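A.B. asks: Residues per chain, in single letters:
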Amino acid sequence: MDIFAPLLQYLISGLTNGAIYALIALGFGIIYNATTIINFAQGEMVMLGAMAAISFYHLHPSLPLAFAAGMGVVTVVGVVFERLALRPVKDPSPITLIIITVGGAVFIKGAAMMLWGKDAYPLPPFTGNVPIYLGTATVLPQNLWVMGLTAALVLALEAFFRLTLAGKAMRACAYNNRAARLMGISAGRMVQLSFGLAAALGAGAGILIAPLTLGVYDMGLMLGLKGFSAAIIGGLGSLLGGVLGGLVLGVAESLATGFISSGYRDAVAFLLLLLVLFLRPQGLMGGGK
Amino acid sequence: MLLDLQGISLSFGGVQALDDVSLSVPSGAIKAVIGPNGAGKTTLFNLVSGFLQPQEGRIFFKGEEIQGQPAHVLAARGIGRTFQLVQLFDHMTVLENVMVGCHRRGRAGLLAGALRLPWTFPEEKDIRRWAWEALEFVGLTNRAHHFAAVLPLGLKRLLEIARALAAQPTILLLDEPASGLDAVETERLRDMILALRDQGITILLVEHDMSLTMDVAEEIAVLNYGRLIADGPPRAIQKHPEVIAAYLGTDWQA
Amino acid sequence: MGDALGEGFIRRLFNRWTLFAAMAALVAVVLENNYYLSLLNFIGIHAILVVGLNLLMGYGGQISLGHAAFFGLGAYTSGILTASYGVNPWLALIAGLIVCGIAAFLIGVPALKLHGYYLAMATLGFGIIVYIVLNEALPWTGGPSGLSGIPSLSLGGLKLDTPWRLYFLIWLTVWAILLISANLVDSRTGRALRALHDSEAAARSLGVDTARLKLQVFIWSALYASLAGSLYAHTLNFVAPASFGFMFSIKLVTMVVLGGMASIWGSLLGAAVLTVLPELLAVFHDYETIVFGAILMVVMIFLPRGLVRGILDLRELRKYKREGVR
Ligand SMILES: Nc1ncnc2c1ncn2[C@@H]1O[C@H](COP(=O)(O)OP(=O)(O)OP(=O)(O)O)[C@@H](O)[C@H]1O
Ligand SMILES: [Mg+2]
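Line by line, the protein sequences are chains A, B and C.
No gaps in the numbering here: position 29 of the first sequence is 460 in my numbering, and each next residue is one more.
No gaps in the numbering here: position 209 of the second sequence is 354 in my numbering, and each next residue is one more.
No gaps in the numbering here: position 234 of the third sequence is 1676 in my numbering, and each next residue is one more.
Take these hints with a grain of salt, some might be off.
To be verified - For lysine to any residue, the following SDA-like pairs were computed, each having C-alpha atoms within a straight-line distance of at most 25 Å:
(1) C/Lys1601 <-> C/Asn1679
(2) A/Lys549 <-> C/Gly1585
(3) C/Lys1555 <-> A/Ser524
(4) B/Lys207 <-> B/Val218
(5) A/Lys599 <-> A/Leu624
(6) C/Lys1555 <-> B/Phe196
(7) A/Lys521 <-> A/Leu624
(8) B/Lys207 <-> B/Thr187
(9) C/Lys1555 <-> A/Pro525
(10) A/Lys549 <-> C/Asp1728
(11) A/Lys549 <-> C/Pro1586
(12) B/Lys207 <-> B/Gly173
(13) C/Lys1555 <-> B/Ala221
(14) B/Lys384 <-> B/Arg372
(15) A/Lys549 <-> A/Ala500
(16) A/Lys521 <-> B/Met237
(17) A/Lys549 <-> C/Leu1723
(18) B/Lys270 <-> B/Met237
(19) C/Lys1555 <-> A/Val510
(20) B/Lys270 <-> B/Asn287
(21) A/Lys599 <-> A/Val510
(22) A/Lys549 <-> C/Val1725
(23) B/Lys207 <-> B/Glu364
(24) B/Lys384 <-> B/Glu364
(25) C/Lys1555 <-> A/Arg711
(26) C/Lys1601 <-> C/Ala1463
(27) C/Lys1555 <-> B/Val218
(28) C/Lys1555 <-> A/Leu706
(29) C/Lys1555 <-> B/Ala340
(30) A/Lys521 <-> C/Glu1642
(31) B/Lys207 <-> B/Ala340
(32) B/Lys270 <-> B/Thr286
(33) A/Lys549 <-> C/Asn1577
To be clear, the hints were calculated from the coordinates, so they are not data collected in a lab.
Just so it is clear, the structure is predicted and the values come from calculations on it, not from any experiment.
I would like the entire structure built from these sequences, with the hints used as guidance.
C.D. replies: As structure tokens, this is what we get:
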């Protein structure tokens, strides 16, 4: 019983963070499927989502409005980023694309620093801060919001891929880019859509986590990296894999924090990443190319 | 048989690029593989040179089974190739391109090269000489110090051949070497292919230029939708009903 | 033929390298200002890092987003061994090289087997792990406040503890590193490396073991970083984790991009510009992040081979056009 009580607590916080990582991981996967690009600026979309929502909330204290506006603005940023920084590239070799998206990430971070300064800002929790007791463990309403809304977003995404024409087209592109193009699916539109979608998911993640961690201009790097680690752990480009990878990573991190040392918490993601690269590079759910 | 393919199959997603293809190339011969666009010719080359692995079937080279071996190992064992879309080292000079072709003939490693150890000098000299000889063979010595990127397409194809030759292949796979060449250049290419055969290099050729193919090839294999529909001497192929059907309405006569 | 590797070549080489050495020596004689000498010393240390990274990026076509970590590992190995255990600094430097070589090997083996993005991510992750460890492993590293009391290097009884003396050591090293790197680029392995960047498929079809080559050059560039780190530790006599974070890795990539991919001398320029600029413009510090981001994006979009190299390439092409090459 002694060891079980904290375990539940760790599980709750692990699943919360894991849900966030999963959303970010899905963004990586969506862009990867459409373009085979790893968008290093994905983490900055998370930060932008949080910061934008905080600013909107400041202007008009309505959380649903701030949520929607934050996601909307960042979606536009994602699409514009693709249009301005990636579309004009003449030599799309991996190294060029890596440097450009890294440059984009650093640029967005620098711009955010100038816009919002180096302070951390709060966003109120969606429905109060009264903890719910589960035996000896406590759950904040925001934890439930994060998990619930993540689940809803994932389901919506799944529905989009299965039911809508655009979603089916995107899946076709991911499955066989060449054939999809032959069938008249416009690759350019799919790419744009994927960047918009990924940015929206990232922003959603940022807004969900902001009430728990505050929003700061430099929160994007770590979250982005962990989202990427989650994507790789689960299998890049697989929806289920991204979700699973996120949750596994979140729980692993939280257990390590609890049982080893909180200082090394951030190292867990990368150790897992390196481990997966070593042992199972296609990820947990990836079937290989 | 120098090269022997037995029951090779490979599909990409839903596309059956090669379907139970068996094919052999005798030592010292010039063999052509023809077929309409998308027939699977390049895929066949990629399999033989180790860039792809067959899902079914076996490949023998010099009597040994080679599938599963990576491209650079097969290159070292004597399988050379050129690419349908020319793949030169654009930011290197023409001479340097061919010097990379001599890679396997030298052995200076990273440290030896960085420190310019004395024993690397003769080797470097040899590599230069070999590269120069290959350039002489294709007649590109006057462009030796130009960047590969600035050559016109015809010369790029020649450079690619010179580079592959520098690696001293036993068999050379040429993927549409005449595409983009004008009549004079094609003529030169024809002589070159024959000269290579006379030097004892086996040639496997994919080519859409029928007069060239009919001219040089001793045997022709025909692929259509991934299946081998004919294999034999040029005369027999020309009369083969399935081949004629496959090519109906294309530039067969050209 | 024969002229290429003959006397002409040696003469060219001789001129360029002796000129560089003479200029560096002249600077040392003329400059008495310790501030400028120190600045030059940091440019030199950065140049070593950037040349190494450029071998990986510009020639090999791979990217490390965690090069600061190798720099840090070198610096801390030197620092800890000498300050806490009294090991001879030169031995500590070699220990640093070994540590970095092993680390690079361990990351490179899995990451380089895969697509081009994996090395970027793996090195990024590695960089962050190292940064965390430097901060957290208090008993050894001194944590966020750093490790002090690192002795200076000494050569034959002469302590290299003034900027002027260090200048000679550092720039002699820079000179040797540039020479070695230029040699490498022009060697059998170097050609294979450049070939790999332009067309991996063609390189493989010619018998180049590209996976092995990528791993080799990755380790090689990590060794440069380690060397630079050791020099840094003994120059400053103090190290703290803040110098080895993610932003420094990005700064190094920016130096490469600015100086030009695949350009040994451009690396020197890139290192110089981005080392001097923040010193000249105090305000630059606030804008550093955004400026680096802008440089990376704009240069790569319009001149993907980097600024200097890109301009050289354009000039080269124009020359060929003028000469009437079809
Ligand atoms: N990497 C790949 N992914 C998916 N499909 C591929 C791939 N490579 C080839 N294919 C498909 O396999 C089939 C055979 O292609 P291949 O390139 O071998 O044809 P080919 O005979 O060389 O044609 P061409 O004369 O146009 O060069 C084609 O339908 C092509 O679209
Ligand atoms: Mg083809």
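A.B. asks: Hint by hint, which ones does this structure get wrong, listed from lowest number up?
C.D. replies: Violated hints (numbers, rising): 19, 29; every other hint is consistent with the structure.
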